[in-house]
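For the record, the sequence lines run as chains A and B.
Per our numbering, the very first residue in the first sequence carries number 2; after that it's consecutive.
Per our numbering, the very first residue in the second sequence carries number 95; after that it's consecutive.
A few of these clues could be false.
[Unchecked claim] According to the in silico footprint, chain A covers these stretches of chain B (three or more CB under 8 Å from chain A):
#, segment
1, 164-171
2, 176-185
[Claimed, not checked] Covered stretches of chain A (in silico footprint by chain B; criterion: 3 or more residues with CB under 8 Å from a CB of chain B, positions within the stretch not fixed):
#, segment
3, 116-128
4, 132-139
5, 208-215
[To be verified] The following residues of chain B were derived to be distant from chain A, with all beta-carbon distances above 10 Å:
#, residue
6, H115
7, N144
8, T194
9, N202
10, I206
11, P229
12, R230
13, R269
14, I277
15, K283
16, R306
17, M317
18, D370
19, D381
20, G400
FYI, nobody ran anything at the bench for these hints, they're computed from the structure.
The beta-carbon is built from N, C-alpha and C at its ideal position, and this holds for glycine as well.
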Amino acid sequence: MLLVEAWQFVAAHPERFFGALYTHVALSAAALGLAIAIAFPVGVLLADKRRLALAAITAANIGRTLPSLAVLALVMPVLGTGFVPALFALTLLALPPILINTCTAMQQVDADIVDAARGMGMTRVQIVREVELPVALPVIFAGIRTAAVQVVSGAVLAAYIGGGGLGDFITSGIAMMALPQLLVGAIPATLLALGTDRVFGYLQKVLTPAGMRAR
Amino acid sequence: MIEIRGLVKQFPGAAHPAVDHLTLMIPEGEVCVLIGPSGCGKTTTMRIINRMIEPDAGSVLVAGRDVTQVDAVDLRRGIGYVIQQVGLFPHWSIADNIATVPKLLGWNDARIAARVDELLALVGMEPAMFRSRFPRELSGGQKQRIGVARALAADPPVMLMDEPFGAIDPITRARLQDEFLRILRSLKKTIVFVTHDIDEAIKMGDRIAILRDGVLVQYATPMTILAGPADPFVESFVGTDRALKRLALIRADAALEPLGPVAPAHAIAAQASLRDALARMFETGADTLAVTGSNGEVLGLVTLAGIRANTRSDDATNHCQSPYCL
Chain A
2 MLLVEAWQFV AAHPERFFGA LYTHVALSAA ALGLAIAIAF PVGVLLADKR
52 RLALAAITAA NIGRTLPSLA VLALVMPVLG TGFVPALFAL TLLALPPILI
102 NTCTAMQQVD ADIVDAARGM GMTRVQIVRE VELPVALPVI FAGIRTAAVQ
152 VVSGAVLAAY IGGGGLGDFI TSGIAMMALP QLLVGAIPAT LLALGTDRVF
202 GYLQKVLTPA GMRAR
Chain B
95 MIEIRGLVKQ FPGAAHPAVD HLTLMIPEGE VCVLIGPSGC GKTTTMRIIN
145 RMIEPDAGSV LVAGRDVTQV DAVDLRRGIG YVIQQVGLFP HWSIADNIAT
195 VPKLLGWNDA RIAARVDELL ALVGMEPAMF RSRFPRELSG GQKQRIGVAR
245 ALAADPPVML MDEPFGAIDP ITRARLQDEF LRILRSLKKT IVFVTHDIDE
295 AIKMGDRIAI LRDGVLVQYA TPMTILAGPA DPFVESFVGT DRALKRLALI
345 RADAALEPLG PVAPAHAIAA QASLRDALAR MFETGADTLA VTGSNGEVLG
395 LVTLAGIRAN TRSDDATNHC QSPYCL
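Produce the entire structure from the sequences given, and follow the hints as far as they go.
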């Protein structure tokens, strides 16, 4: 019954629904893209420097414990409301898992492999590009997958600071005690998060070099 | 040829130098084994040769060139490198692993593919069966065969091997040692071979350099070291059974005596060692064995007295101690 009403709501306001869905996906994709662009190179560069890497990982771990809503709430007084503050908050949310996984994955590449590569005359850049990155890739991508799911679910909360997205239906649904409207936000947001996990899980499998796939 | 002159390396915080004024000359085409207890500086010395470690003082000349005057990356591409843990790249096929250095040197694909197959065959692995496999699909012994093939890929005149067979079970290790010696006979490489296993050193080395606390204690052929250890440290290092180890290095036909009127009841092949001959004597109770050639013809005799004469070390005690006096 509720589902039918929720469907009727979507049918009555298609542009509102698809607009929110679009904002939701765009916000998530942009935040994830930004986070990868920042955390991946930083993680690769820091992996070499034991002390800095440890500091960064510790900081990232603290960042990870902050509840998503708290991050959004902390951003609002500084950046105000709207898409950009929401993007900023979600990017912050996505940084720690990518940074932590990139750093540790690069550090955990077998020292003997790196020694052999160096001893055969690979340059530092060749070692990173041809050996360390491909070997570390599955773990790095696991971090990206975690971040992606976190961002897609976290984006629901963007509505609280006027960032738009599917969260709009949830907040207004709660405010007006309109359950069907709440479901219009909640069901697609859930499916989106589950779908993201599946898609990135598949990508992770594909990106794992053939010689390293679990048999 | 590799020439090491006055090499010194001290690691920060270490009580004594890892390598302490080491001077050593390794003739072209020979296998030089660096051996000693852990911390004696053998691996450090080896790693200075291809500049994985930079020395504090002294120099290393490979084929007359001071290694510190050459670009480290170019230097390493010209020196084969094998380590105990092999370090195969898990994300690359066996063929790609073997092709590492040729690819770095920019060989074309056809030349690389031909070379990969040639090397797989050389280390006794069927090319069609193994070239597209991945390292995790291989046994420890197979991995190390690939490790050796990879080091040989660009046909470097010099190879560095750090305990290459150390992590392999004794039976496979013996087989790999034999195969490697067979490969070396056809290839003529100058090899620096690090081990802590004296039996391996005696088997593999044309010369053995015994190190202790970074100092060269003795540098000589296995035979000379077994016959006349330079000091009590070397003596205890080579073991109380050094007489037997020596016998293992001498072929039966090298101690040949003329055939007497009575043919012995038991025989041994000419290429067997005197240690094998001794074992055979204990086994059969005979103190004289016939030595037979490859077609079973009797070449002569070995006697217990003859073997005993070969275990006496007094004839070899006047050997020279200088590393340049071989």
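At least three residues with a C-beta closer than 8 Å to a C-beta of chain B: is that true for the segment 208-215 of chain A? holds (count 4)
Hey, is R306/B genuinely clear of chain A, shortest beta carbon separation above 10 Å? Since the minimum Cβ distance to chain A is about 25 Å, R306/B lies beyond 10 Å and the statement holds.
At 10 Å, judged by beta carbons, does I206/B keep clear of chain A as stated? holds, 15 Å
Beyond 10 Å from each Cβ of chain A, as asserted for D381/B: holds, 51 Å
Closest CB of chain A to the CB of M317/B still more than 10 Å away: M317/B clear of chain A: closest Cβ-Cβ about 32 Å, beyond 10 Å.
Minimum Cβ separation between T194/B and chain A greater than 10 Å? Contrary to the label, T194/B does not stay out of reach of chain A, its closest Cβ about 5 Å off (not over 10 Å).
Confirm or reject the statement that N202/B sits farther than 10 Å, beta carbon to beta carbon, from all of chain A. Holds, because the least Cβ-Cβ distance between N202/B and chain A comes to about 19 Å, which exceeds 10 Å.
Three or more residues of the segment 132-139 of chain A near chain B by CB distance under 8 Å? holds (count 3)
Is it correct that the beta-carbon of K283/B has no partner in chain A closer than or equal to 10 Å? Holds, because the least Cβ-Cβ distance between K283/B and chain A comes to about 16 Å, which exceeds 10 Å.
Is it correct that the beta-carbon of I277/B has no partner in chain A closer than or equal to 10 Å? holds, 19 Å
In terms of Cβ atoms, is chain A entirely out of 10 Å range of H115/B? Holds, since 25 Å exceeds 10 Å.
Is the Cβ of G400/B more than 10 Å away from each Cβ in chain A? holds, 47 Å
Of the numbered hints listed earlier, those contradicted by the structure are 7, 8, 11, 12.
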